[in-house]
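**Student:** Okay, here's what each chain looks like letter by letter:
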Amino acid sequence: MSTAVEVEYSTGELMAAVMARHLRPGEVAIMGAVSALPQAACRLAQLTSAPGLWFIAGGSGAVNPHLDPLVASSCDERLLDADAVMTLPDVILVEGRGDLIDIFFAGGLQIDAHGNCNLGPIGPWRHPTLRGPGGVGLPFVSRAGRVVIYSMSHDRRTFVEHVDFVSGPGFAAGSVALHGGGPALIVTPLCTMDFDSDTHLARLATLHPGVTLAQVLESTGFAPIVPPKLETTPVPTPDQLAILRGLDPTGLLRGGA
Amino acid sequence: MSTAVEVEYSTGELMAAVMARHLRPGEVAIMGAVSALPQAACRLAQLTSAPGLWFIAGGSGAVNPHLDPLVASSCDERLLDADAVMTLPDVILVEGRGDLIDIFFAGGLQIDAHGNCNLGPIGPWRHPTLRGPGGVGLPFVSRAGRVVIYSMSHDRRTFVEHVDFVSGPGFAAGSVALHGGGPALIVTPLCTMDFDSDTHLARLATLHPGVTLAQVLESTGFAPIVPPKLETTPVPTPDQLAILRGLDPTGLLRGGA
Amino acid sequence: MFLSSAEAIERLVPQGTGLLAVGGMHMHNNPMELVRELVRRRRGVRRLLTSPSASLAADLLIGAGLVDEVATAYIGFEHLGLAPAYRRAAESAAINVVELCEAAIVHGLYAGAGGLPFIALPAGLELSDVSSANPEHFRTLTDPFTGDRVLVAAPLRPNVSLIHAIAADERGNVFFAGAHFTDRLMAMAAKTVIVQVERMAEAGEIAAQPAESVLPGFLVTAVVVAPRGCLPTASHGAYGYDEPGLRAYLKLARTAEGFTEYVQVNGMAPSEVTA
Amino acid sequence: MFLSSAEAIERLVPQGTGLLAVGGMHMHNNPMELVRELVRRRRGVRRLLTSPSASLAADLLIGAGLVDEVATAYIGFEHLGLAPAYRRAAESAAINVVELCEAAIVHGLYAGAGGLPFIALPAGLELSDVSSANPEHFRTLTDPFTGDRVLVAAPLRPNVSLIHAIAADERGNVFFAGAHFTDRLMAMAAKTVIVQVERMAEAGEIAAQPAESVLPGFLVTAVVVAPRGCLPTASHGAYGYDEPGLRAYLKLARTAEGFTEYVQVNGMAPSEVTA
Chain A
62 MSTAVEVEYS TGELMAAVMA RHLRPGEVAI MGAVSALPQA ACRLAQLTSA
112 PGLWFIAGGS GAVNPHLDPL VASSCDERLL DADAVMTLPD VILVEGRGDL
162 IDIFFAGGLQ IDAHGNCNLG PIGPWRHPTL RGPGGVGLPF VSRAGRVVIY
212 SMSHDRRTFV EHVDFVSGPG FAAGSVALHG GGPALIVTPL CTMDFDSDTH
262 LARLATLHPG VTLAQVLEST GFAPIVPPKL ETTPVPTPDQ LAILRGLDPT
312 GLLRGGA
Chain B
62 MSTAVEVEYS TGELMAAVMA RHLRPGEVAI MGAVSALPQA ACRLAQLTSA
112 PGLWFIAGGS GAVNPHLDPL VASSCDERLL DADAVMTLPD VILVEGRGDL
162 IDIFFAGGLQ IDAHGNCNLG PIGPWRHPTL RGPGGVGLPF VSRAGRVVIY
212 SMSHDRRTFV EHVDFVSGPG FAAGSVALHG GGPALIVTPL CTMDFDSDTH
262 LARLATLHPG VTLAQVLEST GFAPIVPPKL ETTPVPTPDQ LAILRGLDPT
312 GLLRGGA
Chain C
87 MFLSSAEAIE RLVPQGTGLL AVGGMHMHNN PMELVRELVR RRRGVRRLLT
137 SPSASLAADL LIGAGLVDEV ATAYIGFEHL GLAPAYRRAA ESAAINVVEL
187 CEAAIVHGLY AGAGGLPFIA LPAGLELSDV SSANPEHFRT LTDPFTGDRV
237 LVAAPLRPNV SLIHAIAADE RGNVFFAGAH FTDRLMAMAA KTVIVQVERM
287 AEAGEIAAQP AESVLPGFLV TAVVVAPRGC LPTASHGAYG YDEPGLRAYL
337 KLARTAEGFT EYVQVNGMAP SEVTA
Chain D
87 MFLSSAEAIE RLVPQGTGLL AVGGMHMHNN PMELVRELVR RRRGVRRLLT
137 SPSASLAADL LIGAGLVDEV ATAYIGFEHL GLAPAYRRAA ESAAINVVEL
187 CEAAIVHGLY AGAGGLPFIA LPAGLELSDV SSANPEHFRT LTDPFTGDRV
237 LVAAPLRPNV SLIHAIAADE RGNVFFAGAH FTDRLMAMAA KTVIVQVERM
287 AEAGEIAAQP AESVLPGFLV TAVVVAPRGC LPTASHGAYG YDEPGLRAYL
337 KLARTAEGFT EYVQVNGMAP SEVTA
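Protein chains in written order, with my numbering: chain A, 62 to 318; chain B, 62 to 318; chain C, 87 to 361; chain D, 87 to 361.
Bear in mind the hints are in silico, worked out from the structure with no lab data behind them. These numbers come from a predicted model, not from an experiment. Some hints could be false.
Quick list of the computed label-pair ranges, beta carbon to beta carbon [to be verified]:
{"#": "1", "chain 1": "D", "residue 1": "R128", "chain 2": "B", "residue 2": "T190", "range": "28 to 34 angstroms"}
{"#": "2", "chain 1": "C", "residue 1": "R285", "chain 2": "B", "residue 2": "T190", "range": "57 to 63 angstroms"}
{"#": "3", "chain 1": "C", "residue 1": "E347", "chain 2": "B", "residue 2": "D142", "range": "22 to 28 angstroms"}
{"#": "4", "chain 1": "A", "residue 1": "D216", "chain 2": "C", "residue 2": "R340", "range": "19 to 25 angstroms"}
{"#": "5", "chain 1": "B", "residue 1": "V68", "chain 2": "D", "residue 2": "G233", "range": "31 to 37 angstroms"}
{"#": "6", "chain 1": "D", "residue 1": "R340", "chain 2": "B", "residue 2": "F283", "range": "29 to 35 angstroms"}
{"#": "7", "chain 1": "C", "residue 1": "E288", "chain 2": "D", "residue 2": "A342", "range": "54 to 60 angstroms"}
{"#": "8", "chain 1": "B", "residue 1": "F283", "chain 2": "D", "residue 2": "K337", "range": "51 to 57 angstroms"}
{"#": "9", "chain 1": "C", "residue 1": "R314", "chain 2": "A", "residue 2": "H223", "range": "35 to 41 angstroms"}
{"#": "10", "chain 1": "C", "residue 1": "P100", "chain 2": "A", "residue 2": "A303", "range": "57 to 63 angstroms"}
{"#": "11", "chain 1": "D", "residue 1": "M87", "chain 2": "C", "residue 2": "E222", "range": "44 to 50 angstroms"}
{"#": "12", "chain 1": "B", "residue 1": "V68", "chain 2": "D", "residue 2": "T226", "range": "50 to 56 angstroms"}
{"#": "13", "chain 1": "A", "residue 1": "D257", "chain 2": "C", "residue 2": "E222", "range": "35 to 41 angstroms"}
{"#": "14", "chain 1": "B", "residue 1": "D142", "chain 2": "C", "residue 2": "A342", "range": "52 to 58 angstroms"}
To give an idea of the interface, some chain D residues facing chain A are shown, with a C-beta separation under 8 angstroms as derived from the structure [what the hints assert, rightly or not]:
{"#": "15", "residue": "A199"}
{"#": "16", "residue": "G201"}
{"#": "17", "residue": "R257"}
{"#": "18", "residue": "M274"}
{"#": "19", "residue": "I292"}
{"#": "20", "residue": "P302"}
Virtual Cβ for every residue (Gly too), placed ideally from N, Cα, C.
Bound-form chain A, shown alone (with noise of 0.2 angstroms):
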């Protein structure tokens, strides 16, 4: 007889957790602007299921900074408290080699079907209807083993049929072929998607607790695949929210970073 016992996490716990295990023992990842989330996951990772796991916080340079604590800007002064720093020059030269990333965490303001990301304009490129902050390195996802993309809004503003404007790319329609190998994941307040390997399209792989397919598929702007069975997101364990705890006195994940 289970006598499990309920533990209350916020959505940012819940998708750290969903990110930490995609990662693998002694794979290199790096993330760019607001990026608590996934630098909270890779710290967790390390500690967990993925030790030796190699994390870049990217505008810092930093090399597995230690996230004592966890902060919100990505170019803070307190990630150089670090395992080693590059500099931002060499982090550049890092990301274009192609065969040194192995997951690069990626965002947009627009994310397509196709994994492609925007951060740029939305609308029309020389009169935009929103003028979005700007890629930075985002261009590199292509040369990224696997993108996983994270947003912290699931609606149809965000999830759309096309983005307007490519920052990072994801599978084309067309035949261009991809450096690296694409986007692999998508992480959001609702659910989890992979994409299919024949039609590089996302494909709804996971649903939050307590969230419904009909509700997913009402707040994204594109046509995920649906499989026949949808898991639901497993949530995260004691542990692991202990851990995420430690690193983030000050609730960036539970605030929503």
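Model the placement of chains B, C and D on the given structure of chain A, informed by the hints.
**Tutor:** Leaving out everything else, chains B, C and D in the frame of chain A:
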């Protein structure tokens, strides 16, 4: 009535003093391998006629090494006792920009009448009679403000009509323009030469004390322009010698560095 | 070598500067004192080049109407929100955006610093729309070694770079604390370099720094000592960013009127210009 | 991660390695323990890439007959003299020399490290005979921005790089002391990286190093701890070069017989190979 004191000096010391006088306050100079002589000249210039001169000891990346003491190898760690230090890759950027380096100190196993320098193969490129070490950064002389060529040998093997291989480009016979100012001064154990502004050919400038014109012409494999009046190279002053000997307690400039 | 911010901007940043680079990254190490002086003196810039990720410095210059074009890969405030003045200017097409990526900026500065005529970019970067959106800055060539099609970017050679460092000595050698992002490259690629520092270096302090944290003085045109002059952005090695201060800006700058108020309240009205 | 020099060379440097880069500069920081192991095991290399200025490491590999081609900008011993084995091999055309310049090596490694397909060089470098002598490594293109003729060089992507650093931690993060020349770029551009170090790092020592003195462990394949292993070349931060030792080499290596004697006397005969 003059009571001049006869001061003994070495050829190296004389050459360092000559080179120092060529440098101007605030200029930026650079030198490569086997460069104790131009380093001493730069330090001497900083302490006498060219305050605010900058000099970069090439391979080491040292900017204004204190030369306490002067060392034989261009990458000696003691050079890093300096006003500042650059990385070698950054030195290569600075050399390439084309508007930063005022003076490039160059040398060669062969030096020709147009100021071309060869540190590579002597004889046929693929089957040389003497394989020189290689030119390192000498191709960058084409982008420097002025090139000062120095050699501890003045003989017909070194000073030739045409170099067998251009490591450091001087003035070309043809129409190709250098991006920098080109060779400006040659300093040898026998004399100094400059370059005629019309023909871009080496021209005798001064003879060192005790050296005859015949001796220079006999030792030179090309026919330098000989001006109507040849001055004698000024000898180092007691002050200059005191500074040089302070830098050089082990006598690199006296034993023939 | 040592100037006040007023003297440095007045003498060294001509009206209509062709390419002005401003250093720092996100809300860290923005040379705000120099930027505020540009606003005070209403120094217009034909093209502003930002680091791969800019925030307040760029948004302020754009909001003040001083920038015809901006070459950038990101202007925003991370978790604090989007860049209000940049949004307004871009969405009204009042400014031309030369959309670059991190690679085009960093490799472009490397090319500018080293006298390289252009820079070939890694395969795959042509798959983003960055190069299509700004054909002026990018070209496609045939790789002479492999025959592949290759994307190349123009070199970046700022007329003036404004950067921040922690300290300077009397000859203009400066050094950085913490991360220095693209600031050294911005200086190495520029004709005129103004460095805002927190303080003077102590005797022997620069010589004790590792090579890569130092910018030798022959690359520096002028130094402006401005303690706490990066605020409300951070200065690595000195202080963190002032989050309430940044939020106050973001709130006011939502409207053109609010932006003007921010400029006036923060001492950037033209009447604040000193000789 | 941690291997003996014997294990590292045996496992990680295949016979006939396509491009082997060896770090250090002049008679400083040559990874001699690794090089001696190559000689002991008679590991042949199709092409050796040196730093812009090489000395003993290159001369020894060439003298041992292990190098088909050498890509270099300088092999010599500065004030101590020319490189005897290199001279003998080049003058007898026993080795093919790919004559490069500092710019082609450093920018070529930058291209290799960053995945750039090739690198455009500053105008003026085409005036030396370096590019004409080695048309395989250089090409001329039309600058798509200006229409000028431009010299471009191939990227350098070593199969294996052997470099020296002062210390390593248990995850293979290493750091350098003094100058590190082109060693970081050689590592960043290579598939397999073996780092010879003087010692293990102390706890927290790597984290305390500035960014640019560190090579993170994900770029390092194996670490070989070899105290005083650069001798007779110097190890910045640890010891200077052994001038009598270098002179002894230069004297013996003047003849092929003397070279063989040097190899044997210095423990590099094949009989010295350990499991």
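**Student:** With reference to the structure, classify each hint as holding or not holding.
**Tutor:** To see whether the hints hold, each was checked on the structure:
{"no.": "1", "hint": "D/R128 - B/T190: 28 to 34 angstroms", "verdict": "holds, 30 angstroms"}
{"no.": "2", "hint": "C/R285 - B/T190: 57 to 63 angstroms", "verdict": "holds, 60 angstroms"}
{"no.": "3", "hint": "C/E347 - B/D142: 22 to 28 angstroms", "verdict": "violated, 54 angstroms"}
{"no.": "4", "hint": "A/D216 - C/R340: 19 to 25 angstroms", "verdict": "holds, 22 angstroms"}
{"no.": "5", "hint": "B/V68 - D/G233: 31 to 37 angstroms", "verdict": "violated, 59 angstroms"}
{"no.": "6", "hint": "D/R340 - B/F283: 29 to 35 angstroms", "verdict": "holds, 32 angstroms"}
{"no.": "7", "hint": "C/E288 - D/A342: 54 to 60 angstroms", "verdict": "holds, 57 angstroms"}
{"no.": "8", "hint": "B/F283 - D/K337: 51 to 57 angstroms", "verdict": "violated, 35 angstroms"}
{"no.": "9", "hint": "C/R314 - A/H223: 35 to 41 angstroms", "verdict": "violated, 47 angstroms"}
{"no.": "10", "hint": "C/P100 - A/A303: 57 to 63 angstroms", "verdict": "holds, 59 angstroms"}
{"no.": "11", "hint": "D/M87 - C/E222: 44 to 50 angstroms", "verdict": "holds, 48 angstroms"}
{"no.": "12", "hint": "B/V68 - D/T226: 50 to 56 angstroms", "verdict": "holds, 54 angstroms"}
{"no.": "13", "hint": "A/D257 - C/E222: 35 to 41 angstroms", "verdict": "holds, 38 angstroms"}
{"no.": "14", "hint": "B/D142 - C/A342: 52 to 58 angstroms", "verdict": "holds, 56 angstroms"}
{"no.": "15", "hint": "A199", "verdict": "holds, 4 angstroms"}
{"no.": "16", "hint": "G201", "verdict": "holds, 4 angstroms"}
{"no.": "17", "hint": "R257", "verdict": "holds, 7 angstroms"}
{"no.": "18", "hint": "M274", "verdict": "holds, 6 angstroms"}
{"no.": "19", "hint": "I292", "verdict": "holds, 6 angstroms"}
{"no.": "20", "hint": "P302", "verdict": "holds, 4 angstroms"}
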